[in-house]
Amino acid sequence: MEHPLHKIVGECINSNVFPNCKIIKDPACGGQQNVPLFCSRDRSNETEYCNVDLLIIKDNKIRVIIEIEETEVKPTQICGKFLTSALSSYYIHDSENNTPIGMSGSVLFIQILDTSQLKEKTSKIKQWGNLEKSIKNLLPIGKIRKYKLLYGTIPDFKNRKGNKCAELIACIKEALK
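So my numbering is basically just the index in the sequence shown, starting at one, shifted up by 2.
Treat the hints with care, since some could be wrong.
Said to hold, decoys possible - Below, a list of computed lysine-lysine pairs in the DSS-like style, where the Cα atoms sit at most 25 Å apart: (1) K175 <-> K160; (2) K24 <-> K148; (3) K76 <-> K128; (4) K160 <-> K24; (5) K63 <-> K126; (6) K128 <-> K160; (7) K138 <-> K166; (8) K83 <-> K166; (9) K150 <-> K60; (10) K148 <-> K83; (11) K76 <-> K24; (12) K83 <-> K9; (13) K123 <-> K24; (14) K175 <-> K123; (15) K83 <-> K121; (16) K63 <-> K76; (17) K76 <-> K138; (18) K60 <-> K76; (19) K128 <-> K179; (20) K128 <-> K83; (21) K179 <-> K138; (22) K160 <-> K145; (23) K128 <-> K150; (24) K145 <-> K83; (25) K166 <-> K76; (26) K135 <-> K166; (27) K135 <-> K148; (28) K166 <-> K121; (29) K150 <-> K166; (30) K123 <-> K135; (31) K63 <-> K179; (32) K121 <-> K63; (33) K121 <-> K148; (34) K145 <-> K175; (35) K121 <-> K135; (36) K150 <-> K76.
Note that these hints are calculated values from the structure, not bench results.
My request is simple: use the sequences and hints to build the entire structure.
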């Protein structure tokens with residue numbers, strides 16, 4: 003299955019922009035692996051809560067989690083992705099010799115939603131704004147202290163020149179300070 007927005011966001015976030023960070027992307031974002039999060043230091047099916055689209059690790063701690071939704075943009079799906087990540091504590095993968103990498107004391111969670119399938123007079127944009135405010139009012143949850151919801155189409159994020167890509171990069175840079 004093609005995931006064009008995932009691919010564009012994956013191109014937007016790279017090690018040239020964040021040289022002191024390790025960027026881990028799932029295959030849809032241009033990476034080579036799944037990006038699983040676990041509720042404990044034990045790696046098992048019972049402790050794996052979710053696979054995210056992109057992680058940014060700095061100083062051997064998870065600092066940023068990014069989830070991209072191209073089709074399921076209802077509040078239930080948005081909140082489900084957020085909550086399973088918030089309830090998780092570690093990234094564990096063969097590529098890290100199965101050594102658990104924990105979340106920092108302040109993680110930024112970013113959700114990016116595709117608007118290309120929305121109808122012309124949709125109420126989704128306003129609904130998403132309300133949802134973002136509601137989630138921010140609940141923070142912190144687990145180690146997630148900051149939340150950002152971005153939306154747009156492929157051209158909005160393309161070639162790191164789109165306004166949304168610049169906004170995404172600025173948001174991440176601020177969180178990494």
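Hint-by-hint comparison with the structure:
This hinted pair checks out: K175 and K160 have alpha carbons roughly 19 Å apart, not beyond 25 Å. Between K24 and K148 the CA atoms are separated by roughly 20 Å; this keeps the pair inside 25 Å, and the hint holds. This hinted pair checks out: K76 and K128 have alpha carbons roughly 12 Å apart, not beyond 25 Å. Taking the CA atoms of K160 and K24, the gap is about 22 Å. The hint holds against a cut of 25 Å.
A threshold of 25 Å between alpha carbons decides the hint, and for K63 with K126 the separation of about 34 Å lies outside it, so the pair is violated. Distance restraint check for K128 and K160: the Cα-Cα separation of roughly 24 Å lies within the 25 Å cut-off, and the hinted pair is therefore satisfied. With a C-alpha separation of about 20 Å, the suggested pair K138 and K166 falls inside the 25 Å cut-off, and the hint holds. At most 25 Å may separate the alpha-carbon atoms for a hinted pair to count; K83 and K166 meet this at roughly 21 Å.
For a cut-off of 25 Å, the pair hint linking K150 to K60 stands: about 19 Å separates their Cα positions. Distance restraint check for K148 and K83: the Cα-Cα separation of roughly 15 Å lies within the 25 Å cut-off, and the hinted pair is therefore satisfied. The straight-line distance between the Cα atoms of K76 and K24 is roughly 31 Å, outside the 25 Å bound, and the hint therefore fails. For the given pair, K83 sits about 19 Å from K9 by alpha-carbon distance, which is consistent with the 25 Å threshold.
Distance hint between K123 and K24 is unfulfilled; the C-alpha atoms sit about 40 Å from each other, more than 25 Å. Between K175 and K123, the direct Cα distance comes to roughly 34 Å. Violation of the 25 Å bound is thereby established for this hinted pair. Using a Cα cut-off of 25 Å, the hinted pair K83 and K121 holds, with the two alpha carbons roughly 24 Å apart. Proximity of K63 to K76 is assessed by CA-CA distance (about 30 Å); at most 25 Å being required, the pair is judged violated.
In summary, the hint linking K76 to K138 is supported, as the alpha carbons are separated by about 17 Å, within the 25 Å threshold. Between K60 and K76 the alpha-carbon distance is near 31 Å, which puts this suggested pair outside the 25 Å criterion. Our distance criterion of 25 Å between C-alpha atoms is broken by K128 and K179, whose separation comes to about 30 Å. Annotation: proposed proximity of K128 to K83 holds, straight-line Cα distance about 20 Å (limit 25 Å).
A hinted pair counts as satisfied when its Cα atoms are at most 25 Å apart, and K179 with K138 qualifies at roughly 20 Å. Between the alpha carbons of K160 and K145 the distance comes to roughly 31 Å, so the proposed pair goes past 25 Å and is violated. Between the alpha carbons of K128 and K150 the distance comes to roughly 15 Å, so the proposed pair stays at or under 25 Å and holds. For the proposed pair K145 and K83, the alpha carbon gap of about 15 Å is at most 25 Å, so the pair holds.
Of the pairs offered as hints, the one joining K166 and K76 holds, with about 21 Å between alpha carbons and a cut-off of 25 Å not exceeded. As the CA atoms of K135 and K166 are separated by approximately 19 Å, the hinted pair is consistent with the 25 Å bound. Simply put, K135 and K148 have alpha-carbon atoms about 11 Å apart, close enough for the 25 Å limit, and the pair holds. Taking the CA atoms of K166 and K121, the gap is near 20 Å; set against the 25 Å cutoff, the hint holds.
Distance hint between K150 and K166 is fulfilled; the C-alpha atoms sit about 12 Å from each other, no more than 25 Å. Proximity of K123 to K135 is assessed by CA-CA distance (about 22 Å); at most 25 Å being required, the pair is judged to hold. For the proposed pair K63 and K179, the alpha carbon gap of about 14 Å is at most 25 Å, so the pair holds. Note on K121 and K63: the hinted pairing is violated, with a Cα-Cα distance of about 40 Å set against a maximum of 25 Å.
This hinted pair does not check out: K121 and K148 have alpha carbons roughly 30 Å apart, beyond 25 Å. Of the pairs offered as hints, the one joining K145 and K175 holds, with about 18 Å between alpha carbons and a cut-off of 25 Å not exceeded. Annotation: proposed proximity of K121 to K135 holds, straight-line Cα distance about 23 Å (limit 25 Å). A C-alpha spacing of about 16 Å is found between K150 and K76, which places the hinted pair at or below 25 Å, so the restraint holds.
Hints 5, 11, 13, 14, 16, 18, 19, 22, 32, 33, counting from the list given before, are not met by this structure.
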